[in-house]
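Listed here are the chains, written in short residue letters.
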Amino acid sequence: MNNAQAHAFTLDEIAQRLGARLVGDGSRRVSGLATLSDAGPEDITFLANRAYLKHLAGTRAAAVLLHPSHVDDCPTACLTLDNPYLGYAELSTLFDPLAARDAPGVHPSAVVAEGVSLGQEVQIGPQAVIEAGVRLGDRVIIGPGSVVGADAQIGEHSRLHANVTVCHGVVIGKRAILHSGCVIGGDGFGFAHDGGRWHKIAQLGGVILGDDVEVGSCSSIDRGALGDTVIGNDVKIDSQVQIAHNVQIGDHSALAGCVGIAGSTRVGKHCMLGGGVGLSGHLSLCDGVQVTGMSLVTNSIHQPGVYSSGTGAMGNAQWRKNAVRFKQLDDIAKRLIRLEKEQRSR
Amino acid sequence: MNNAQAHAFTLDEIAQRLGARLVGDGSRRVSGLATLSDAGPEDITFLANRAYLKHLAGTRAAAVLLHPSHVDDCPTACLTLDNPYLGYAELSTLFDPLAARDAPGVHPSAVVAEGVSLGQEVQIGPQAVIEAGVRLGDRVIIGPGSVVGADAQIGEHSRLHANVTVCHGVVIGKRAILHSGCVIGGDGFGFAHDGGRWHKIAQLGGVILGDDVEVGSCSSIDRGALGDTVIGNDVKIDSQVQIAHNVQIGDHSALAGCVGIAGSTRVGKHCMLGGGVGLSGHLSLCDGVQVTGMSLVTNSIHQPGVYSSGTGAMGNAQWRKNAVRFKQLDDIAKRLIRLEKEQRSR
Amino acid sequence: MNNAQAHAFTLDEIAQRLGARLVGDGSRRVSGLATLSDAGPEDITFLANRAYLKHLAGTRAAAVLLHPSHVDDCPTACLTLDNPYLGYAELSTLFDPLAARDAPGVHPSAVVAEGVSLGQEVQIGPQAVIEAGVRLGDRVIIGPGSVVGADAQIGEHSRLHANVTVCHGVVIGKRAILHSGCVIGGDGFGFAHDGGRWHKIAQLGGVILGDDVEVGSCSSIDRGALGDTVIGNDVKIDSQVQIAHNVQIGDHSALAGCVGIAGSTRVGKHCMLGGGVGLSGHLSLCDGVQVTGMSLVTNSIHQPGVYSSGTGAMGNAQWRKNAVRFKQLDDIAKRLIRLEKEQRSR
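Residue numbers (my numbering), protein chains in the order written: chain A, -4 to 341; chain B, -4 to 341; chain C, -4 to 341.
These are computed hints drawn from the structure, not numbers from a lab. Some hints here could point you the wrong way.
Identical copies go unnamed one by one, so any copy, or any two together, can satisfy a pair.
Said to hold, decoys possible - When the alpha-carbon atoms are kept at most 25 Å apart in a straight line, the in silico SDA-like pairs for lysine to any residue are as follows:
hint, residue 1, residue 2
1, 195, 225
2, 195, 43
3, 322, 36
4, 336, 133
5, 316, 330
6, 322, 293
7, 336, 278
8, 336, 323
9, 322, 336
10, 195, 52
11, 336, 85
12, 329, 340
13, 316, 225
14, 169, 94
This one's a predicted model, so the numbers in the text were calculated from it and none came from an experiment.
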């Protein structure tokens, strides 16, 4: 599985598909895509990061996709593009074995309620469950063991992998990709406290996912209490992410693994949250905010830019001493102020 | 899905159900519940937080549930209660479409082992699996694709949503709500180390959930090594939470999303753990402890109160400088002490 | 479920199985395993940690597994071993009820594609799905509702619990244990950015798990972009862990709950990551590194040892003051340097 070999293409075909300029023999065929150092003579590869330039001269690949400025360094055929990493993305979909594998139809073991609306060429896998009132757009793929709850809607070309759960009434746009184990539309965490006990607040809102949303394995997006949890277009969500009720995420934002966002927080467009970032509830982050890994944000952010919290890792013995001093930090600051005053008063 | 419209009620009916005092026309009917700003003329709404008082005058709702002190500010019919947020919780269950949807019975595609004990009006959804020796109380609902392992017991009125896993021998009380993707009773993480290798310790204990427990999407509660992992009554657990083997959680405690609790730690009653909080193993937290989001607790806590760790988020450029200084913190403190001594010795 | 009673053994049988020295009546039978304080007269127990020595004198157990140095303190029969905790691990597997429960065969509700390769005594549970081209080794157990994607391979004696997802092409070694809700081989999080939009990079690599790997409930291991994500032999992974694409984990390493590892990072052999630890992408950790709970590692580590970050928990009022001072820390350090200079210049 080191490289994909589902198809073979001539370099001419690839150049045309990518809008790239070809230098070399366009009739040569490639059947796989691999990294500069792993690629063999039947593979195409790419150079998109100067850190890998050292591997270019020694590559055994049939062809290299790269920036025009590196053509002279390339020992073999090459295709040039201003954004070779984007070209790699396009190449990767050409060689994706999943794209070819699927045949439309409803597996006999699937349970599809009466009156469900199925678009053209829908595929429903073994043991899947489609409840009453569901609408699936054209070419939707529902993986094995996945459950789509009553009245949910899934837009055309969307794919649920295996064992995904989409709860009742959830609305999903076009071209969504939902990975295994993710749950869209579980209850938000809402309770009224009275007499020392918790009283459940039924979560009556929904979840709306825009177009081109991807959700990673084992991630969860909770339904709104009243009103909806809303994920914009082209939002990319990694694995193990938790999005609480009534959160709103703006278009084109990306959330790395293990991010947690508390209730009713709004994240702007084009934001990027690093792995393990936590956002408190009822905050607002403006467009273009980036938060570095494992930072906790407890206040709204009104200026685009990069934000961080926490401390870097260090040897445990050194850390123990510093962590103790952190607990004295306010006292340290006050003593410094006192010293400065005494100094000045001489 | 912005508001729920499963039922319609007169304001008299609602006032009686909630024990609220009605000011206005009791024969008016409402068919939905929405926020002050979203509610239309067929909806009831509520005011439970002074931050939303500004929306009261402009509401288009048929009626507002609020504290008696706000009656004069209300432009329409109102119902008064000392705890309007609690009233909202009760209202939300009235308008919950899930409450009406379910019909009892075992779906023909479900696999139910012989000799399983099923209470009255149990509902078992499509593709569910109920293994041998299981006992389900009256009106238990098992969602599509959920698996209940051998000899597990689930108390009356409990509900497993879709794709839930309850492992063998787990005991769950009454009125539990388990959301999709959660796993109750997977193995605890126990190994003996010998000769540079790990040797598995079979996890022979169980998991016991009290009454009125809720567990969020994709959360996991591991079974005990010996003895049980015990979750008390009325404990509320959000999504993406991990509870390790032999943990004990006291009654009425609430754990927000992404909390992680290591093995054998005991959390008291009426505790609240913010999102992403981590508790080390073998600790004891007394009753009434609150821990703020993403704090790490590595020592037992013997006094009720609010506890925190970490640093707030700031601009990355500023943070980088401060994070470097954190690594020098013990040195900074020592140099301050030296200066103070020199100052004093003059 | 406080102790396991699947079998009964004489103390002679147990001593022989464990290679332990028996002091007492070898014909006595025990039918359960429990802790020193919980064990009854039909149970065997163990002492492996001096913290529990106080419970030894009062134990009601039939026999105690312990270190030779504690024989004289033991009020009943005992079995001695140099590593009694390892002995406990072996005992636990003797009393594991899961070991006895399973009967081989394919449940009639399971969907197994044509041409799948099944080893001897394979067991496939209800509602499971085995896609085309899969190879399952001898005595593999596939739990209810689990899905094994096309062309995946699972080595002999491995067990998937309920509702596990193994995606297409994943390769799993011998004696693996995958707990419920885990997902092996979901897509890595890879996109090219162009024109303000994200363009998906198809994840064409796979996941390879060595022998004796355990993965906890709801954990996810993403497939490689190109090339594979590789988990070494005897690697133990707890619940709610996220491992991104192209990560490599060395043999015998252990990852506690809620760990997150970003893309392409390499972890050495015999490493231990505490609960909630985060590793940034493209790092390298050498063999023998330990990272304490909830630390964030953003740089490679080249020396074995214990590493930490963060601050310990404290009362919130005290913490608020210190957290404010943290934001001033660089300024505090500079003012201290100025004071020191002034002091020296006198």
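Here is what the structure says about each hint:
1. 195 <-> 225: both (22 Å within a copy, 21 Å between copies)
2. 195 <-> 43: between (52 Å within a copy, 15 Å between copies)
3. 322 <-> 36: neither (60 Å within a copy, 50 Å between copies)
4. 336 <-> 133: neither (75 Å within a copy, 74 Å between copies)
5. 316 <-> 330: Intra 19 Å, inter 14 Å, cutoff 25 Å: intra and inter.
6. 322 <-> 293: both (20 Å within a copy, 14 Å between copies)
7. 336 <-> 278: Answer is neither: 39 Å inside a copy and 44 Å across each miss the 25 Å cutoff.
8. 336 <-> 323: For residue 336 and residue 323, both the intra-copy (20 Å) and inter-copy (18 Å) Cα distances are at most 25 Å.
9. 322 <-> 336: both (24 Å within a copy, 22 Å between copies)
10. 195 <-> 52: Intra 64 Å, inter 28 Å, cutoff 25 Å: neither.
11. 336 <-> 85: Answer is neither; intra-copy 64 Å and inter-copy 60 Å both fail.
12. 329 <-> 340: Both, since 17 Å and 20 Å are each at most 25 Å.
13. 316 <-> 225: Classified as neither; 45 Å inside a copy, 36 Å across copies.
14. 169 <-> 94: Within one copy only: 17 Å inside, 30 Å across.
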